[in-house]
Structure formats: C-alpha cells, structure tokens
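Below, each chain spelled out in residue letters.
Protein chains: 2
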Amino acid sequence: MQSFEQLLQQFEKSFNKRHFPSEPASLYDSSQYILGIGGKRVRPVMCLMGNELFDDIQSDAWDVGTAIELFHNFSLIHDDIMDAAPLRRGVPTVHANFGTNTAILAGDVMLIMCYEYLNKVQATHKGKIIALFNKTALEVSEGQQLDMDFERRAHVSFSDYEKMIELKTSVLLAASLKMGAIIGGASAGNASHLYEFGRNLGIAFQVQDDYLDAFGDPERFGKQVGGDILANKKTFLMIHALEHASGAEKDLLLSLMQTNPSDKVEKVLNIFRNVGVNEWALKLKKEYLEKAFEHLEAIAVSSNRKAPLEQLAHFLIQRDH
Amino acid sequence: MQSFEQLLQQFEKSFNKRHFPSEPASLYDSSQYILGIGGKRVRPVMCLMGNELFDDIQSDAWDVGTAIELFHNFSLIHDDIMDAAPLRRGVPTVHANFGTNTAILAGDVMLIMCYEYLNKVQATHKGKIIALFNKTALEVSEGQQLDMDFERRAHVSFSDYEKMIELKTSVLLAASLKMGAIIGGASAGNASHLYEFGRNLGIAFQVQDDYLDAFGDPERFGKQVGGDILANKKTFLMIHALEHASGAEKDLLLSLMQTNPSDKVEKVLNIFRNVGVNEWALKLKKEYLEKAFEHLEAIAVSSNRKAPLEQLAHFLIQRDH
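Just so you know, the protein sequences line up as chains A and B, in that order. 0 is the number of the first residue of the first sequence in numbering that gives the first Met the number 0; add one for each residue after it. 0 is the number of the first residue of the second sequence in numbering that gives the first Met the number 0; add one for each residue after it.
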C-alpha cells in the first residue's frame, strides 16, 4: 500500500507533459497553461488509491486519473469565466490571459481530451467508467448552475445548499475513488461504500472550508478571515445563522449583507457566535466525517489496506484549528 | 436504400424528445431549447446513410447520429457566445435567452451528453467511434479558434482559409459518414473514401455558400446579397480577390473593408467581377465536387447503393444559381 505522497509523486511525473497538439498554439497553449500553474492533484491520486484498496494499480487507473484531473481543470477554466475571477493560484486565469472566447474553447478541448484518456480503458471496464464519468460530469455542471442560481435567491435552505455542495464538490471526489475501485475489481457493494466515503468526506471538507473562513487562525490558515462574509457568499455557516438567528439578529444579518460597513466581518462573527454557529459547524463536520469512516469501515478488505485512505481523510480534515 | 428524406423523417421522430434530466430546469431547459428551434439534421442522416451504404442500419447508428447532432448543437451554443450572435434561425440564441454563464454550461452538458449516446455503441465499434468522434471534435474546435484568429489577421492565405473551413465545417460531415461506415462494417479503405467524399463535399458547399452571398439570386437564395461583404468577412471570394487584384484594385478593396460607404457591396462586387472571382469560385466548387464524386466512385459497393448519397450531393450543391 502506498501513501498519498508516494502516489502523488508518481502521478505528477506521469501527468507533467503536454496533453494537447502543438497547433493551433493560440488554442492549445491556453489549455496547457492551466495545467502548468499547479494544483494538489487530489482527485487522480484518489483514483489510484481506490484501485490499490482492492488490487495492484492497473495501467487504466493512470489514464482515468489523468481524465479526472483534466476534467477538474476544464471545470476551473469555465467556472472562472462564469465567476469573472481574475486570478487562480496567484496567476491570471485562462480567460484573463487569453480572452473569454479562447477560454471557452480551451475548456471544451480539455473536456474532449478527457474522453481520449477514458477511451484507452480496457473494454471490460470502459462502459462502466464512462457512464460514471458522464454522470459525475453532469452533476458537477448542475452544481455550478445551482451555485449561480442561489446567488440570485434571497433564501437558500440548508438542504438546498448541501445538495449544491454535494454536486459541485463531493461527487467528483467520490467518483474518483469509485472509478479506481472499478478498475481494481471491487464488488458493487464495496465500490458503493467507497463512493459514500468520498461523498461524505467532501462535504466535511467544505464545512471545514466554510468554518475556517470565519473562525480559522489566519496565521495557520494563510488567508484573510471573513472573505466569504465580505463577498456575501452563502456558506454552511451563513445559511445556518439565517435559519436560527432571532428576529432582530436575522434582520441585522440581512442588512449587513446589503451594506458593507467597515466592521461587517466582526458584526457577522458576533451573530455567528450568538447563534452558536461555530460549535454547530464543528459538530456538522464531525458527523460527515463519522459517516465517511462508517462507509470506509464497511468495505470488505483488510484494514491495513485502508490505512492510506484514513491518513488522507485525517490530512484533509483537521481535528483542531 | 432509403433516400435522405425518408431517413430524415425517421431521425426526426427518434430525436424529437427531451435529451436531458428535468432538474435543474435553469440548466437543462436551456440545452433543450436549441434542439427545439429546428435544424436540417444533415449530419445524423449522413451517419445513417454511411451505415446503409454497406449494410442494414444498425441501432448503433441512431445513437451515434444523436451524439453527432448534439455535438453540432453544442458547437452552435458556444460559437454563438463567441460571435455575440443575438439570433439563430430567427429566434434568440441560448446566451441571449438564458445568459452567457448558463449558455456555457448548457453547451458543456450537451457535449457530455454526446458521450452518453456514444457509450451505448457495442463494444466492437465503441473504441473506434469514440476515437474518430474525439479527433473530429478537437478539429472543429481548432477551426473555430482559427476563424477567430483570422478575424484579427490582415492577411489570410487561400490555403490557411481552406484549412480553417475544412476543420470548422467539413470534417464533421466527413466523420458523420465514416462513423456510419464503421457501424456498417466497411473496410478501412472504403470508410476512408467515404470520409474524403464528405470532406470535399463540405468544402464545395462552403465555396457555394460564399459564392451565393455575393452572386446569388436574392429571391431564390432568400438572404440579403453581400452580407459577408458588409461584415468584412474573409471568404473564399475575398481571399482570392485580395490575392489576385491589381495593385490599385487591391488598395481599393482594403480601403472599402476599413470604411463602410453606402455602395460598398456594389463596389466590392465590381472588383470581384474584374478579377474573375465569380467564374473562379464556380470552377473551384466544381473541382471539390468532382473530387468528392471520385471518392464516392472508388467505394467498392454496387452503384445503386450509392444513389442516395449522389442525390444528397446534388441537393446540397446546385448546378445553377
């Protein structure tokens, strides 16, 4: 069994090449550009780990991992256009650098290239892998659409937001693991438990992300605290606060979201604390993490094979902040 | 052997359904919208014809035809964004109706849905079909990028323009026929001749399109004459005129393209006539059509099987204007 770091190193080595033709450079250089600005490569490594949970890593897992990482970058290119984001990982986004029209096409060819890698998968698994990939790709697009819809909606319920996060973030992590499991010859039951492990882990990660934005230690977190609050982003915390604040506090929250006083972050955090959002969020994260581990537990392979996935979960989801 | 019209009727019947989930409607209704505004469905019917040239039509041909038509509509949605086109077939484009962000996603899910249909193809043909589909999809994207690049370039050579048209327009027609041929069990040689038939036919069609814009009978053509000239579009005609006009005429052409006098179309057409662009274009169209028919001729099946494709070519490429 190999650790996340060991597999990451190998994946980086295999992924670090040009994935597109040389010409027209005006198109393909812009696709290749985003692959060169880094990334944690979590999803393809999860595919490799999903495979190794059940069997030695097959060559198909490298191709599917590559397709997954290309899909993730495709979604970043198009999402950055929709969000009008000027920067990603500290450098200009594809559309900022090459123009919106080329960025649309750069995403399109990235998505097509995913299927070049998926088409290399051996015939016995190809149909299943492409079906799961397609289902997931549609869900990620649905999540992005819901995220945009929610921005324009006054009220978003907890379950609506949870569904959106599940689609936009979690299902790709879950499917990465499950595609690996399919390649590793897992039974349908085991593959499904691994999917649920990834899905719950992904939601726990998003709860943590939302929590750290509000209550994280800026020195350890490395980001300005309250970025989501300043941007009026709907988060697990804000949605819970709006659903549970008293009448006066709810009115204050809503009015703070419409204005931008200099002490906005401080005032919103005060309401969050009064409502008990911080403890609630930590409890919510713990619940999702526990559900994730229940599914990992239920997979019928020896527990030493599960160690790298446990380590990954603990690396992604910290116990203290 | 069935005629284009017979196959069209059957394809329309099978294609005329919702191809997307119901929710989120904000996303999928916008994808479904463009499928409901009509279209000639030439490409999927060419896939059926490519199949029937060699064998009875297999169920795979309907799925691949559906994927091809969805791909064509995907490219229309994204191209219309890039071209900032307000109308298509007399109704608002997807981005005009639903916003650019949703239109980007509506195209993305349309492209993903192509592979849902391709994934239904029987295992013996799936790898080959997906490979040709991917190659073609990349080429169509390259063609769109070159078209945008050429708009910003002062000089575009005949061969550059021909290459762009081949990628943007012809290869999808050619691949539609060839995918049908693969499903019909054609030999590699026959499939390749059929591809070349479609590729040359596609270029002949574009030459005719460019010709009709300048020299077509407006009553029979149904469009304003000179639309391309008014829009300063590079066309087969304009590129030939710029390459062959005398010094003074070339200067006049270039200055007409930078200004918009009320008699612009008339003046440009005069230069076209002086340079002999009209006869040249008809000759060029004829050459491509002849090449197309040479390849159709070379396919080793009885000539009565080829009759529907001959009729289609004569329907698409008129002898008189």
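Calculated directly from the structure, the hints in this document are not laboratory data. Check each hint, because a few of them may be wrong.
Said to hold, decoys possible - Straight-line distance between alpha carbons at most 16 Å, and here's what the computed EDC-like set of lysine to aspartate or glutamate pairs gives: (1) A:Lys134 - B:Glu115; (2) B:Lys232 - B:Asp159; (3) A:Lys232 - A:Asp208; (4) B:Lys162 - A:Glu22; (5) B:Lys232 - B:Glu115; (6) A:Lys125 - A:Glu115; (7) B:Lys263 - B:Glu248; (8) A:Lys266 - A:Asp250; (9) B:Lys134 - A:Glu195; (10) A:Lys134 - B:Glu165; (11) A:Lys127 - B:Glu115; (12) B:Lys290 - B:Glu165; (13) B:Lys233 - B:Glu150; (14) A:Lys266 - A:Glu293; (15) B:Lys263 - B:Asp227; (16) B:Lys39 - B:Glu22; (17) A:Lys305 - A:Asp55; (18) B:Lys127 - A:Glu115; (19) A:Lys290 - A:Glu195; (20) B:Lys233 - B:Asp148; (21) B:Lys232 - B:Asp208; (22) A:Lys39 - A:Glu11; (23) A:Lys162 - A:Glu115; (24) A:Lys12 - A:Glu22; (25) B:Lys233 - B:Glu161; (26) A:Lys162 - B:Asp28; (27) B:Lys134 - A:Glu22; (28) A:Lys125 - B:Glu115; (29) B:Lys282 - B:Asp208; (30) B:Lys125 - A:Glu150.
As the list claims (entries may be wrong) - Chain B stretches covered by chain A per the calculated footprint, using a threshold of three residues with CB under 8 Å from any CB of chain A: (31) 0-8; (32) 23-33; (33) 69-81; (34) 118-129; (35) 141-155.
Said to hold, decoys possible - Beyond 10 Å from chain B on every Cβ pair, some chain A residues (computed): (36) Leu7; (37) Gln8; (38) Glu115; (39) Lys125; (40) Ile129.
None of these values were measured; they are calculated from a predicted model. The C-beta atom is built at its ideal place from N, Cα and C for all residues, glycine as well.
Numbered hints the structure breaks, given as an ascending list
Hints 5, 9, 10, 14, 16, 23, 24, 26, 30, 31, 38, 39, 40 contradicted; others consistent.
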